[in-house]
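Make the full structure from the sequences, and use the hints.
Protein chains: 2
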Amino acid sequence: MQGVEKLHLEDALEDSPQTRQLLAVFERDASALRKYSNGLHSCCSRIMKAQNELCAATQSLAQHLRDFEIQKFPLESDESILTSTLKQFASYLDDVSSIQQVLSAQFSETMMYPLTKFLQADLEEVSTLSEMFQIATNEHENTMNKYMKLPKKKESERQRQESNEDLYMMRKKFHQSPSYKHAQLITDFYALGIKD
Amino acid sequence: MQGVEKLHLEDALEDSPQTRQLLAVFERDASALRKYSNGLHSCCSRIMKAQNELCAATQSLAQHLRDFEIQKFPLESDESILTSTLKQFASYLDDVSSIQQVLSAQFSETMMYPLTKFLQADLEEVSTLSEMFQIATNEHENTMNKYMKLPKKKESERQRQESNEDLYMMRKKFHQSPSYKHAQLITDFYALGIKD
Chain Y
1 MQGVEKLHLE
11 DALEDSPQTR
21 QLLAVFERDA
31 SALRKYSNGL
41 HSCCSRIMKA
51 QNELCAATQS
61 LAQHLRDFEI
71 QKFPLESDES
81 ILTSTLKQFA
91 SYLDDVSSIQ
101 QVLSAQFSET
111 MMYPLTKFLQ
121 ADLEEVSTLS
131 EMFQIATNEH
141 ENTMNKYMKL
151 PKKKESERQR
161 QESNEDLYMM
171 RKKFHQSPSY
181 KHAQLITDFY
191 ALGIKD
Chain L
1 MQGVEKLHLE
11 DALEDSPQTR
21 QLLAVFERDA
31 SALRKYSNGL
41 HSCCSRIMKA
51 QNELCAATQS
61 LAQHLRDFEI
71 QKFPLESDES
81 ILTSTLKQFA
91 SYLDDVSSIQ
101 QVLSAQFSET
111 MMYPLTKFLQ
121 ADLEEVSTLS
131 EMFQIATNEH
141 ENTMNKYMKL
151 PKKKESERQR
161 QESNEDLYMM
171 RKKFHQSPSY
181 KHAQLITDFY
191 ALGIKD
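Order-wise, the sequence lines are chains Y and L.
If you count the first sequence from 1, position 167 lands on 167 in UniProt numbering, and the numbers rise without skipping.
If you count the second sequence from 1, position 112 lands on 112 in UniProt numbering, and the numbers rise without skipping.
Just so you know, these hints were derived from the structure itself, not from any lab.
Quick caveat: nothing in here was measured; it's all calculated off a predicted structure.
All C-beta atoms, glycine included, are put in the ideal place defined by N, C-alpha and C.
Keep in mind that the hints are not guaranteed to be accurate.
[To be verified] One-sided and incomplete, this derived list gives chain L residues near chain Y with beta-carbon spacing under 7 Å:
| id | residue |
| --- | --- |
| 1 | 28 |
| 2 | 40 |
| 3 | 46 |
| 4 | 50 |
| 5 | 53 |
| 6 | 64 |
| 7 | 71 |
| 8 | 75 |
[Unchecked claim] Some chain Y residues flagged as far from chain L (calculated, every beta-carbon gap over 12 Å):
| id | residue |
| --- | --- |
| 9 | 95 |
| 10 | 127 |
| 11 | 128 |
| 12 | 133 |
| 13 | 138 |
| 14 | 150 |
Written out as structure tokens, the structure reads:
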């Protein structure tokens, strides 16, 4: 993170072009990180799914080997060595499949859970806040434009006051929005330690 | 195999009801074995497929981790420790996936190949021969019926001779068919050692 300026909460109120530019850089970075992390998530899901399927397939083979006993083979004697051998093999396969199940649970706990949490709790929130910020910016600018276009005549005094009130509300809303957003972005990238 | 009578090649010519019955038992056994083995084959195919998919998924994750380097993260410095760490992790995953590939090759060689060969070369042949035997039996019986229904008059002498010739051909054909079939069945079940 050396060489990159930090976003400061107090800059949000001022909302200077520099702050805006820096914010845009942070946003692009967050967006690239989200895209990459989504790819990572689907790769990990694929491994998880294959591991689960392997586990289920092993169990099904063990079950099929056990089913040998209940098959009716006209030429098979009851005390056939094949039945007991297949049973032994099936219990060995059960061991294999339970080890695979443990591995699958570990994948789920240590790979999928943190990744999903990071994607949902952090990156999704940044993206939602970014949209909210954009909306607040647009609303603020529209109200500002409306205020600027008011004629400077005496009779429109009441109208100007109303517009002034609107502008005050919008600016307040706008200031609340990016402040929170900046704080969020800063918290994310520093506290997560992922891009440090 | 104790307690079960054997099919003898020389009984085929005689084609007694006992031999027929014994043959039917062998056929039912072969059919049950084929059904069971087909189930076994699909279980093993499923494991094989899951193992291959797991291997491919691991490779794809390794590739995605390597791709981190070529992502453009605006806030990422070039000498980031994350890039080199992910590279190390990717090469570790490559090791895992190559071990999985070896396992997959072993599955293919020692599990799928003998099973497929047994199903195709032996059980399929028994079933084909069984059908051929049934056809020869039917043809032989039809010709025999035709011969029996011939009127015992002088003028049909030529017809009887033709029919006699037919019957001779059919019986010869019939005798060739089950002889081979018996021999095949016996060879299968004893030489394979699976039902011994």
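Checked hints:
For residue 28 (chain L), the interface hint holds, the least distance from its beta-carbon to any beta-carbon of chain Y being 5 Å, beneath 7 Å. The beta carbon of residue 40 (chain L) comes within 6 Å of a beta carbon in chain Y, closer than 7 Å, and the hint placing it at the interface holds. For residue 46 (chain L), the interface hint holds, the least distance from its beta-carbon to any beta-carbon of chain Y being 4 Å, beneath 7 Å. The restraint placing residue 50 (chain L) at the interface with chain Y holds, with a minimum CB-CB distance near 4 Å, inside the 7 Å limit.
Among the interface hints, the one on residue 53 (chain L) holds; its C-beta lies about 4 Å from the nearest C-beta in chain Y, closer than the 7 Å criterion. A cut of 7 Å between beta carbons decides the hint on residue 64 (chain L): the least distance to chain Y is about 5 Å, and the hint holds. With a least beta-carbon distance of about 6 Å to chain Y, the hint placing residue 71 (chain L) at the interface is held under the 7 Å criterion. Residue-level restraint check for residue 75 (chain L) holds (minimum Cβ-Cβ distance to chain Y is 4 Å; threshold 7 Å).
With 12 Å as the threshold on Cβ separation, the claim that residue 95 (chain Y) sits away from chain L holds: the shortest Cβ distance comes to roughly 15 Å. With a least beta-carbon separation of about 16 Å from chain L, residue 127 (chain Y) lies farther than 12 Å from that chain, consistent with its non-interface assignment. With 12 Å as the threshold on Cβ separation, the claim that residue 128 (chain Y) sits away from chain L holds: the shortest Cβ distance comes to roughly 20 Å. The claim that residue 133 (chain Y) is not at the interface with chain L holds, since no C-beta of that chain comes within 12 Å of its own (minimum 18 Å).
The claim that residue 138 (chain Y) lies off the interface holds: its Cβ sits roughly 24 Å from the closest Cβ of chain L, which is beyond the 12 Å cut-off. The non-interface label for residue 150 (chain Y) is consistent with chain L: the shortest C-beta to C-beta separation is roughly 41 Å, beyond 12 Å.
When held up to the earlier numbered hints, the structure conflicts with none and fits them all.
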